[in-house]
Amino acid sequence: MNILNYASCKVVTVILTLLYFADLSKAQIPDRLPQIIPPSPSAQQFQKYIDYPIGHFTGIPDINIPLYIIKEGDLTIPITLSYHASGTKPSDPNGFVGMGWTLNNGGRITRTIVGKADETNLVPVPFKSKYDLDIMTSDKRNILMDSWAQDNYDTEPDIFSYSFNNHSGKFVLGRDDNRTPLLLPYKPINISFHSGGLGPIIYDENGFKYEFVGTELADQGGVNTCWDVNKITSATDPNNYITFSSGSYLHEYTSNRTDYAIIDDIDDNDPIWKPCYGFDSEGYRMQKTQSEVLEHYGPDFGFNSTVNYTENVISKIKFRNGEIKFIPDASTGMLQRVEIYNKAGTILQTIEFEYSNRNLRYLLKQVGFYDADHHFINHYLFNYNRENGEVPGALSANTDYWGYYNGSMPTGNNAAGALMPAWTIQVNPASRGYVTLGQNGRKTDSTYMKMFVLNKITYPTGGYTTYDYECNKSIANFGNGNYFVGSDVGGLRVKTVTHYSAPGATPEVRNYEYMIPAMDFVPGNIEDYSYSIQGYFPEVNDPNYNYIASLDMPFRRRYIYSDPLFNICPHGSPVVYQQVAEYIGDGQQNAGKTVYSYDYSPAEKTTYESNGSTAYNEGSVIYKQYLKPFQDWTSGNLTGMTHYKNDNGNYSIVDEEDYDYTDILGDALSALKIDRYVEYASDSYNCGSLSANNLQTYDSYLGSRVNSAYNYGDYSITSGQHRLANKYTFKDGITTTINYQYDNPIHVQPTKETITTSKGDNIITVLKYPHDFAGSQPYTAMVNDQHKWTPIVEKLEYKNSTDNFLQSTKTDYSFWNSGHSTSTVTQQIYPQKVSTKKGAVSNDYVPRINYQGYDEKGNVRSVSKADGAPITYLWGYQKEYPIAQVTGADTSEVYYNNVEEKTDYPANYVMQDNARAHTGHYSARITNTDPAKEATYHSNTWLQIDQHNKSRKFRYSGWVYSDGPSIDLFLFMMKPGEQAYYSYVDNVSTNQTGHWVYLDKVFEVPADVVQLNLRVDNNGAANGGTNIWFDDLRICPADAQMTTYTYDPLVGTTSVTDAKGETLYYEYDSFQRLITIRDRYGNVKSHYEYNYAGH
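Read in the UniProt record's numbering, the sequence shown has 275 at position 275, and its numbers run on one by one without any break.
Rather than coming from a laboratory, the hints here were simulated on the basis of the structure. Positions of the beta carbon are idealized from the N, C-alpha and C atoms, including for glycine. Heads up, a few of these hints could be off.
[Said to hold, decoys possible] Here are the in silico distance ranges between beta carbons for each label pair:
| no. | residue 1 | residue 2 | range |
| --- | --- | --- | --- |
| 1 | I143 | N190 | 38 to 46 angstroms |
| 2 | Q741 | T606 | 30 to 38 angstroms |
| 3 | N190 | D134 | 13 to 21 angstroms |
| 4 | D658 | R179 | 53 to 61 angstroms |
| 5 | D177 | V825 | 17 to 25 angstroms |
| 6 | E656 | G55 | 17 to 25 angstroms |
| 7 | I526 | N256 | 44 to 52 angstroms |
| 8 | K628 | Q426 | 54 to 62 angstroms |
[Claimed, not checked] Straight-line Cα separation of at most 25 angstroms, PhoX-like style, residue types lysine-lysine; simulated pairs:
| no. | residue 1 | residue 2 |
| --- | --- | --- |
| 9 | K975 | K865 |
| 10 | K727 | K799 |
| 11 | K768 | K837 |
| 12 | K1001 | K950 |
| 13 | K759 | K799 |
| 14 | K759 | K209 |
| 15 | K810 | K838 |
| 16 | K365 | K231 |
| 17 | K605 | K473 |
| 18 | K933 | K975 |
| 19 | K316 | K343 |
| 20 | K209 | K231 |
Could you put the whole structure together from the sequences, leaning on the hints where they help?
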């Protein structure tokens, strides 16, 4: 997933050039493999993290490099690099950032098309089950399935994979009118598709909205197999969103190589020898010689299709305070640099990527960070095993059973059957002997598998981490003696991770021992690589006597492939481990170890066999094998974690945690698998020229004589999830148990937690969510419109039973700022109050926290404890940062202007000036060349106060600077209905020049005043100057405590001014790192220097 994180996406155009050899060019050969269109190789790098997860269960280390974090309100998008150290395959793509690396930048959905794209083909309505087909006549069933098999209908769903913002999984589209996705596993997210098919929209359980965009193409030759995130919208502010743009690049890929052989033979019990009438000596027969039974042998270039991918590579991320540009190299297409800009378009940072190139295999060697002036700051360095080696192309035969590189072959890649494992095939009748296929042991070689695999990361600090890998180990003997228990098999696992905090430092070593291995399938059974069909010659035409013989002549055609016909690694890794020990040190010298345990559900294979007999000997039929649908989410979950200490070689338990899970099953989707295994001659043939070619799928003449031309079977894809049911903790002789219940299958959040203490007491916590209150607003809108499913609305605690109530907490939600939006989809819903109660469950709730208001972007404006003073917040920088916190004042009683935004003064009188500022980047300047007349600034904001018929003291203040004129700061006061310029006025003045002066005064505002306002006067040119500047104007009750802030967005806080007007300044270097803190006089309070080893 992690579906939204990632560099390359594509629209795929498939060019199937079926280059059949020799007599195959005359035949109508059925599709030998299912039509499955995967995402582009680059997109598959992303999907690998879903199909082949990292962690102890698979032995893959978690390797991530942070690049940047976008933080906008409640939106957080980390941009990172991740590396998958599973081993090198000739088919591995470069991706956008080098072999093995993936750029994570928001989210992605990929699709593997099974048969035809779901949106381009009809689903049979009503959908037929195996039972429905069984009860049909064979004629009707054959005609129906012949239509389906020719892709007039789509009987199997495509498989979608998604990853975005810590969510990942798969889904298939349902068969209802809305094609509602079925999530695998189920998660409380909502996935729908744009009208017009532009791409999916996802709401997560917290209400965040993710929009994905692909390119719409209508035909099967150009369909979407990947959608990148296009927009992410805040759960609290619909105007806070992050957008993603892409650039398109056309790439041509060759899919993995497959070698295959075709063998024709006959049934021992019924050899084909059917004479024509009157011409016995010229009768047709399939009495082939041993060399003739092999119809084809060699690479299957016809089905190693050329696939053109238009890959949408991330080019820009735009957010409220800036943007990030991703710039590829013009010649190689590899990511060259990332540029980070603020809102003004000023560059803040540059990240540059350097690669090594080995025969167009790109290895990421360095990620360098540069400041705003493009001065080098630091870098990450990467080293790999055997970097100077060579890895062949995708059509190489130099691979083991799992596709990993294993070095050179005894003969060339283009030799017939170079990829085929060595097999000896019995030919019928037995007198024909055997056909020998293949010469490739497909043996794993750890040296070559490790080639180009990351083995060292050097950090900006100069410290580094090294990785030592080993191959997975076999649990069985297979492969004609090439594999045995304990020998190397496909896929790497990390053996040792060694970390040095600095060059020469004492290393921290972690060594791994893998126990209880599991292999779903051992790839040594020829039945996994082959299947057969039956052929019939129904009519023979005798040209001499104009005679048509009605014949029943079956034969068998076997297809044998170099790779299994189904996924032999359904858990991702060829071997997974149900127990792994991590030693702090090595296996002999260590301080202790941690043993991790995982659950495992084996995958199974199956065939779909016809119900009836055929003319060919049933015992000789080889049916296609398939992977049964299985719930992979029931594997790889942590079931135990035990910490041991090492006392001179004796390990003793320090503490232990065990976990039980419960399966919550959801909806299911039926699919139908159809395999053609009987063929018929398409026309009548003359004696002596009848051949095994020109076969078609159905002949009405024989429709009643053969039970079925197809194998078929239905299967079910079931949604659901594996949820934690019990957690057991053992420490210091004390056992604690936590039981979790999930009573709502929609939001699937814990609804009840029971903690059993060592004394036997049960502390029961009942949790309620918006679904539990969905009968009333705003909870109806939270559930149905805004998809905010996870907030805990009520939490109740009991002891031993729900009859013994202890206490509870409830958060009441409400609609806010109803004028902002009238739609419940976008209307703001936030907490209104938090209440508690104790004693009896029937007691009333007592308010503890009250929220007085939120602004239109969802920021808290005022909050207070039930018996406490309000805490008020003012927000600036387009309401993205808190610029004031005031304790003891209502929102209507507080004013602050830091002049960072042009929002509160008439531009024709006052200029925003960045040449002189008290805090932040700007102050306001008033120029007055007339010595006899003042020039004024009048705030556009009038505070609406409520005195409750009592006078009250207010403090007004501001910072001012003059190059000559004197300055007045006025407090204007208005009574209700006042028509004059003001009702009351007060002021504070200064004639100091050449430095910033703090004007501050406390004034008792009369009881009848309802409005307050500030004015600043430039009293006229004097002392050779005409300008005054002002900054940080404030009003608040005199007994309130006001602290104000300024910021450099995307950098940090630049100043903090307390209630007394004392200011601390924060300075940053050109790489946005804090370097100095100064007081109001410029004295250094703290200073920081950043030194990196080797720089």
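Hints, one by one, checked against the model:
Between I143 and N190 the beta carbons are some 41 angstroms apart, a value that agrees with the proposed interval 38 to 46 angstroms. For the pair Q741 and T606, the beta carbons lie near 35 angstroms from each other, so the given range of 30 to 38 angstroms is met. Checked against the hint of 13 to 21 angstroms, the pair N190 and D134 fails, with Cβ atoms roughly 38 angstroms apart. Between D658 and R179 the beta carbons are some 41 angstroms apart, a value that contradicts the proposed interval 53 to 61 angstroms.
At about 22 angstroms, the beta-carbon gap between D177 and V825 stays in the expected band of 17 to 25 angstroms. Judged by the Cβ atoms, the range 17 to 25 angstroms given for E656 and G55 holds: they are separated by roughly 20 angstroms. Range check, I526 to N256: Cβ separation about 20 angstroms, and the 44 to 52 angstroms hint is violated. Separated by about 29 angstroms at the C-beta atoms, K628 and Q426 break the suggested range of 54 to 62 angstroms.
At most 25 angstroms may separate the alpha-carbon atoms for a hinted pair to count; K975 and K865 exceed this at roughly 32 angstroms. Our distance criterion of 25 angstroms between C-alpha atoms is met by K727 and K799, whose separation comes to about 19 angstroms. With a C-alpha separation of about 16 angstroms, the suggested pairing of K768 with K837 holds against the 25 angstroms cut-off. For the given pair, K1001 sits about 20 angstroms from K950 by alpha-carbon distance, which is consistent with the 25 angstroms threshold.
The hinted pair formed by K759 and K799 meets the criterion: a straight-line CA distance of about 13 angstroms does not exceed 25 angstroms. As the CA atoms of K759 and K209 are separated by approximately 46 angstroms, the hinted pair breaks the 25 angstroms bound. Between K810 and K838 the alpha-carbon distance is near 12 angstroms, which keeps this suggested pair within the 25 angstroms criterion. Distance hint between K365 and K231 is unfulfilled; the C-alpha atoms sit about 31 angstroms from each other, more than 25 angstroms.
Only pairs whose Cα atoms come within 25 angstroms are accepted, and K605 paired with K473 is accepted, the gap being roughly 22 angstroms. Simply put, K933 and K975 have alpha-carbon atoms about 28 angstroms apart, too far for the 25 angstroms limit, and the pair is violated. Taken as a hint, the K316 and K343 pair is honoured in the structure, with Cα atoms around 14 angstroms apart against an allowance of 25 angstroms. Between K209 and K231 the CA atoms are separated by roughly 8 angstroms; this keeps the pair inside 25 angstroms, and the hint holds.
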